[in-house]
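S.K.: Sequence:
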Amino acid sequence: MDGVIFDMDGVLVDTEFFYFERRMAFCREQGIEPATDDIMDFVGETNQGIWKKLIPDNEELREQMKILYDDYRKKHPIDYRLFLNSDVKKVFETLKQAGKKIAIASSSPRIEIDSMVEVNQLGAYLDYIISGEELCESKPHPEIYLKAKKALGDGDYLAVEDSEIGIRSATSAGLYTIALKHPLATNQDLAKHSINYLKEVLDYL
Numbered sequence: 012m013d014g015v016i017f018d019m020d021g022v023l024v025d026t027e028f029f030y031f032e033r034r035m036a037f038c039r040e041q042g043i044e045p046a047t048d049d050i051m052d053f054v055g056e057t058n059q060g061i062w063k064k065l066i067p068d069n070e071e072l073r074e075q076m077k078i079l080y081d082d083y084r085k086k087h088p089i090d091y092r093l094f095l096n097s098d099v100k101k102v103f104e105t106l107k108q109a110g111k112k113i114a115i116a117s118s119s120p121r122i123e124i125d126s127m128v129e130v131n132q133l134g135a136y137l138d139y140i141i142s143g144e145e146l147c148e149s150k151p152h153p154e155i156y157l158k159a160k161k162a163l164g165d166g167d168y169l170a171v172e173d174s175e176i177g178i179r180s181a182t183s184a185g186l187y188t189i190a191l192k193h194p195l196a197t198n199q200d201l202a203k204h205s206i207n208y209l210k211e212v213l214d215y216l
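Using this note's numbering, you'd call the opening residue of the sequence shown number 12 and step up by one each time.
The hints are simulated quantities; they were obtained by calculation from the structure and are not laboratory data. Misleading hints may appear alongside valid ones.
[Stated by the list, open to error] Subject to a maximum C-alpha distance of 27 angstroms in a straight line, what follows is the list of computed DSS-like cross-link-like pairs (lysine-lysine):
1. Lys101 to Lys86
2. Lys210 to Lys101
3. Lys203 to Lys63
4. Lys63 to Lys86
5. Lys161 to Lys107
6. Lys192 to Lys158
7. Lys85 to Lys64
8. Lys64 to Lys86
9. Lys161 to Lys111
10. Lys210 to Lys100
11. Lys111 to Lys158
12. Lys192 to Lys111
13. Lys107 to Lys203
14. Lys158 to Lys210
15. Lys101 to Lys192
16. Lys107 to Lys210
17. Lys100 to Lys161
18. Lys64 to Lys77
19. Lys101 to Lys111
20. Lys203 to Lys158
21. Lys101 to Lys203
22. Lys64 to Lys161
23. Lys100 to Lys192
24. Lys158 to Lys100
25. Lys77 to Lys100
26. Lys100 to Lys111
27. Lys63 to Lys77
28. Lys64 to Lys158
29. Lys161 to Lys203
30. Lys203 to Lys100
31. Lys158 to Lys86
32. Lys210 to Lys111
33. Lys158 to Lys107
Generate coordinates for the entire structure from the input sequences, incorporating the hints supplied.
M.R.: Right, dumping it as structure tokens:
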């Protein structure tokens, strides 16, 4: 393998519960009854996809709430240092020492990815980052991984995902896909292998 492409939420940082609670608190504050309050409906989704599930039938209200939520998110930031997987830095250091490329391919907004990278001092390890905002199609479409592969250059790359739609995206892009087990990951059958700890990905290089 010439490198590894990592999903962010649920793989590098365990943030899904925080994101969910923050969105639900915002909806309560705005007096909105979301169409779904099942956290499983949001796992692996892009920001746009999440809002379509929260407010599916009123585009004007949905766009208004997205704008308001951007401000709410800034007032209620996440401290990514508290949610970083304890294996990340060891894995990244080992990959770099072995001359492997490292990328992040996440459905999250770019501002969130950049914040996570900055506060955890991961920038020096990374060769490429792509967010859901830079796509025409969201996971499970393979676009995000196809773009990451192209940016990294010729070679064989491994993907690490946790959610079913993320695994579908990576496998559809032709990547050898490893699933990191997670309480919110209900179906990881399409992955080549599943691992309990992120550091185990080093066994597949």
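S.K.: Now look at each hint and say whether the structure bears it out.
M.R.: To see whether the hints hold, each was checked on the structure:
{"no.": "1", "hint": "Lys101 to Lys86", "verdict": "32 angstroms, violated"}
{"no.": "2", "hint": "Lys210 to Lys101", "verdict": "8 angstroms, holds"}
{"no.": "3", "hint": "Lys203 to Lys63", "verdict": "31 angstroms, violated"}
{"no.": "4", "hint": "Lys63 to Lys86", "verdict": "23 angstroms, holds"}
{"no.": "5", "hint": "Lys161 to Lys107", "verdict": "19 angstroms, holds"}
{"no.": "6", "hint": "Lys192 to Lys158", "verdict": "25 angstroms, holds"}
{"no.": "7", "hint": "Lys85 to Lys64", "verdict": "22 angstroms, holds"}
{"no.": "8", "hint": "Lys64 to Lys86", "verdict": "23 angstroms, holds"}
{"no.": "9", "hint": "Lys161 to Lys111", "verdict": "15 angstroms, holds"}
{"no.": "10", "hint": "Lys210 to Lys100", "verdict": "10 angstroms, holds"}
{"no.": "11", "hint": "Lys111 to Lys158", "verdict": "18 angstroms, holds"}
{"no.": "12", "hint": "Lys192 to Lys111", "verdict": "23 angstroms, holds"}
{"no.": "13", "hint": "Lys107 to Lys203", "verdict": "24 angstroms, holds"}
{"no.": "14", "hint": "Lys158 to Lys210", "verdict": "25 angstroms, holds"}
{"no.": "15", "hint": "Lys101 to Lys192", "verdict": "19 angstroms, holds"}
{"no.": "16", "hint": "Lys107 to Lys210", "verdict": "14 angstroms, holds"}
{"no.": "17", "hint": "Lys100 to Lys161", "verdict": "25 angstroms, holds"}
{"no.": "18", "hint": "Lys64 to Lys77", "verdict": "12 angstroms, holds"}
{"no.": "19", "hint": "Lys101 to Lys111", "verdict": "14 angstroms, holds"}
{"no.": "20", "hint": "Lys203 to Lys158", "verdict": "21 angstroms, holds"}
{"no.": "21", "hint": "Lys101 to Lys203", "verdict": "23 angstroms, holds"}
{"no.": "22", "hint": "Lys64 to Lys161", "verdict": "31 angstroms, violated"}
{"no.": "23", "hint": "Lys100 to Lys192", "verdict": "19 angstroms, holds"}
{"no.": "24", "hint": "Lys158 to Lys100", "verdict": "25 angstroms, holds"}
{"no.": "25", "hint": "Lys77 to Lys100", "verdict": "33 angstroms, violated"}
{"no.": "26", "hint": "Lys100 to Lys111", "verdict": "14 angstroms, holds"}
{"no.": "27", "hint": "Lys63 to Lys77", "verdict": "10 angstroms, holds"}
{"no.": "28", "hint": "Lys64 to Lys158", "verdict": "26 angstroms, holds"}
{"no.": "29", "hint": "Lys161 to Lys203", "verdict": "22 angstroms, holds"}
{"no.": "30", "hint": "Lys203 to Lys100", "verdict": "24 angstroms, holds"}
{"no.": "31", "hint": "Lys158 to Lys86", "verdict": "32 angstroms, violated"}
{"no.": "32", "hint": "Lys210 to Lys111", "verdict": "15 angstroms, holds"}
{"no.": "33", "hint": "Lys158 to Lys107", "verdict": "21 angstroms, holds"}
In this structure, the earlier hints numbered 1, 3, 22, 25 and 31 are contradicted, and the remaining ones agree with it.
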